[in-house]
Amino acid sequence: MTAPAQPLAFPGAPDLRLVAVARSRRAPRVGTWLLLTVVLAAAFFLFIYSRIALDHSAFVLQEVNRQMEVEEARYWQLRLEAAELQAPERIVARAQEMGLTYPESVQTITVPGMGAPGIGADERWADLKALLGAQP
Amino acid sequence: MSLPPTVTPRRSRGLNARLVMVGVALALAWLGVGYRLVVVQGTRAEEYAARGRDQRLHTETLAADRGTIFDAEGRELALTVDSVTVYANPAEVTDPAVEARYLASLTGQDPDEVEAILSGEGTFAYVARQLDPADADLVRAAELPGIYFLEEPKRVYPAGALTAQVIGLVQPDTNEGLEGLELFYDTALAGTPGQLRVERDPAGRTIPQGDYSVTPAEPGSDLVLTLRTSIQYAATQALAEAMARTGATSGSVVVLDPVTGGVLAMVNLPGFDPEDRASLLPENVRNRAVTDLFEPGSTQKLVTIAAALEAGLVEPGTVLEIPASIEILDTVFQDFTQHDSLLTVTEIVAHSSNLGTILLGEMLGAQRLHDYMVAFGQGRRSRIDFPGEAAGVLQPSEDWCITTCVAGTSIGYHVSVTALQMAAAYATIANDGLWVQPHFVAEVVDGQGSRLPTAPNRQQVVSVETARQMRAMLAAVVEQGTGSLAAVGGYRVGGKTGTTKKYLSESGEYSDEDVVASFIGMAPIDNPRVVVAVVLDSPQEDASGGTGAAPVFSAVALAALHQMGVPPDAP
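Protein sequences, first through last, are from chains D and X.
Per the numbering used here, the first sequence starts with residue 3, numbered consecutively.
Per the numbering used here, the second sequence starts with residue 181, numbered consecutively.
With the rest of the complex left out, here is chain X (with noise of 0.2 Å):
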């Protein structure tokens, strides 16, 4: 028996090949994984596990409150509330046109300019900023397709356009300070926002045990102001009765306390109403109280003559002889009240005489009528604490002329105030000589309800027997002279008229038609506790600081005396 010879069969040896293949192909792949592995949990961990981390962790900025703004009795004049900003994605509404109508009726758009946002490219467009969060609530109820919200804190004003030029305003996306105390007290109202890390899940949600650390954030300082909203209510009312009757085209209203520098109200107008942006007019937000230049007119008479009696020039018995004019060059000095030849000093302040001023101003000279004005306040920043503070002009005097200058800076011209430089001027004669820089904030309370009191600079002008005798003239103003119509029931009170050609800049010449009608002065005036300035730029009708201002002064001033519980001190 012979065996069969041995054949070895060719699919044999290809089966072993493709084995082997398959074996090497195999032994690849799991060199491959055996490799990532060690990549992935050994070489690149650390890498990999941060990833994973990064996907999970989430930083947020913790927002900080932004301090509130509190006046003198406690009234929020600014605070910072929640809202909610409705946004769409437009790629995903369905129907534009009818979200649009829906979306306008909640939030009082117009439907037209709803639909324009639904239906522009991209996928993000606000729809409504910082709607009241039950306004919102209305808005997310309809469960509209495509349509967001996002939480955002407001910054809103209770008292409207009562404080708004003083107030001011804030950028609506940062909250950040744009104008007025909100500009000049923003580093302090802002605080310093927080952090939050945290480990959320993919649908947002907090993970329990997951990392978590928080740097809380730091609230903004709350101002409380020297302001009080009752004088300040009756100042606007008061200046719009004022501009009304006249035909003002603006004016200004400041009320200090003339011992502690505070400013009690600040008014100007035409104002604006922060809550109403669209509407806004630059021109109008502007604090002209604290901005705009005038120049003082007669109002000034009290810086000439209050430097004469400090100087011991002269003292308010003191009789001068008063020319029918004065005409140096071309330019001729006269006075517009009727009186006699001979003055007391007391006289001159009462009948607001240029002409007795100026000689008082010529026995001053230059030099010292400059250095009394700069002393007053005038022609320097008061330093108050609000941005856009203007210094004015007064030229050095080396720099005046040696034929008009002296004489018409006595009276009031050649020089160009704030009214609020003017009302710390007269607060000077009212605080017993002592000038005090004026202010807005009376404390600064940070986060941690520490308060900061301001300090405002102090600086004797003149003595004290120089503002009594200064404040006995205020008072004949009103009971003898041009300021009859100041008077205050109840009250003595004193303060002097001022009417100025309004100069005009654009041409270089004082207006023929206009003028600037101001009336400064305190009450009581035995122990003055306000001082009121006021401003009215070219009134029409009782163009004159006595009869278009002085009846403000009254008005304010009797209704900051009885806010302030003063008691009167005249039959």
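Here chain D stands alone, though its shape is the one from the complex (with noise of 0.2 Å):
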């Protein structure tokens, strides 16, 4: 509040009052503190909740690992399985079971067009056997 104008006692001088200003009270400045309050709490529950999914990452992490070492045995096992499906000895005797027998001869076929041997008759050979592995 400003106190009332006194005039100053100089003759011929002109109507100057000197006023004095009273001492002004500044505002508490709330707002900056709340703000900055909710910084620092917001960035301590940030820094928390980090933690804790950083925590949470590294025990999925562990997790994900097992997992693939899981897998992986799996996919081992199906090696293994696949290796001894292949085997000739089970295949012949599946074979036997299923009443397939070597033939008494062999017969050899001699395709027009596949020339004589020499030089070439491997690819030859080759191609041929491609091409019967293509017919149903």
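Calculated directly from the structure, the hints in this document are not laboratory data.
Note that the Cβ used here is the ideal one computed from N, Cα and C, for glycine as well.
There is no bait here: all hints are sound.
Covered stretches of chain D, going by a simulated chain X footprint (3 or more residues, C-beta under 8 Å):
# : region
1 : 69–79
2 : 87–99
Residues from chain D that keep clear of chain X, each with C-beta distances beyond 12 Å, as calculated:
# : residue
3 : L36
4 : A45
5 : F46
Make one complex out of these two single chains by using the hints.
So, in structure tokens, the structure goes:
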């Protein structure tokens, strides 16, 4: 609040008044402090959350690693099973169970266009095998 | 009014003294605590921190995956899978008899043996090693007290006995190579173990944000063999049939690719099942084709006659007069086949004439004959990539006796070889005179997938022309001579029979009853793709190379040619 102006006692002087200005009282910056507190609190909670999330991720990672080991073991077991299924002894035994037998004699078929044995015969033979393999 | 005299009670002085004592005691206690604090937090802080860290930090060895062994067609012959070992803490087993019966029913063991394990002293005992994880899960589900589990890598061999003597074995505990290729390539297959440093809580869980460092294990290299399982199977079947037919005590078959030197098949019977170690006999683990010696007999004539041709002493059509016998001191050499007295060199081979070959050997002389034998790979290791290879026996020529040594050596006595050495010698003729180092591994594939092909040694032994002439003579053996049972339908083949008395090392004499029957040949004869060596030890029926071993060659060569897609070259 401003005090009433007092005229100065100077003759001939213009009508000047000395105005005493009362000391201004600043309003407390509540908003800034509040904001700072909120930011600090948020940072604190964010930090806590990050730690928890990180810890959780570590456990998830551990579980994923464990799962990966399980799947890897399963992969090798399947490879073993596939290899055992390919064993000639098993295939021959299975074929015999199904009534398949070895031919008494092997008959060689001469295919027109195959030409004589010699240079290039292997390639022609491979072509023919591929052709025969493609037949239904 | 007078004041009573001041009296200092004795009690009060005693109280003070006790207070002082308590104070001193407390002060000393505080000093002790303070001293300890200074020690723990100050002077020995690092030591205590380290001790605490060591209780949480665990260093674990990361086992390197042992490499896989593939055949030439990409089939796994040896690989490593996870397995579970069951062990017990006998001190924690509450009822050994009941637990033993249950465990035995799941693992297929003898209940009494399991009970003995569970009733034993100590705190650790293996119950069942390297079980299939599915089987171990059944045991785990039972939650038996005192029973624990341990994960272990297990080496398995899907082809079983078929390739056992070639692939070999590993030590079950450590997976280190014991025999065969597993031993020879152990360093490459094993890889390098890694290391894991991790902080764990008392329950064994990893502490997030704790110390963690890992040095990954480097996986072992894979091996890609030249071996073909399909040919190996055919060779095994043919040899088993021949042993049953002839009553031979053992036998070997070697199939080589003459151009590359790669072993396409190598079979020895009797063999063994790598999954059944309880009944494993040491003599059956041996790869006889590489380790066992025999006198080659008439199959050696290929070397003698090729040397004579290469030296320019004779040509295939050169006619020699063959005597009825050759007598040196008390040794009489004879022929066991009927033939004319005049034979060409080709006919000497076709009729397997000992006397004709001895004449050629005498023309060569000891030194030249010896040098050609060494060039063909006799008397020295081929350096095949397999442990325990025998070098054979071939004396230096200066040590040869001046009586029967040249004659005997010419026809395959006084010299001992392995089946592999003889197969490589015949492969030299099949490969236009170029000897190629036999080998099992075509390439090594490291953990990063880099392929490292093997590079076998090569050595020109005889000229292309000599090799071609020898092949024509070998074809005559099958088409006109002693090896007719080696014929293969659809293909022209060639080879040589051999029948030698068995040398008994115990007595230092030749057996009167037992022989070694062999046949070594190649097909197709004009452009050989396979060389097959067959050796039968002590056949009782069909006890000759022509009748005992030649049919095995025929069956194996046919299967190999079909498997390799070689077109027929004969009507």
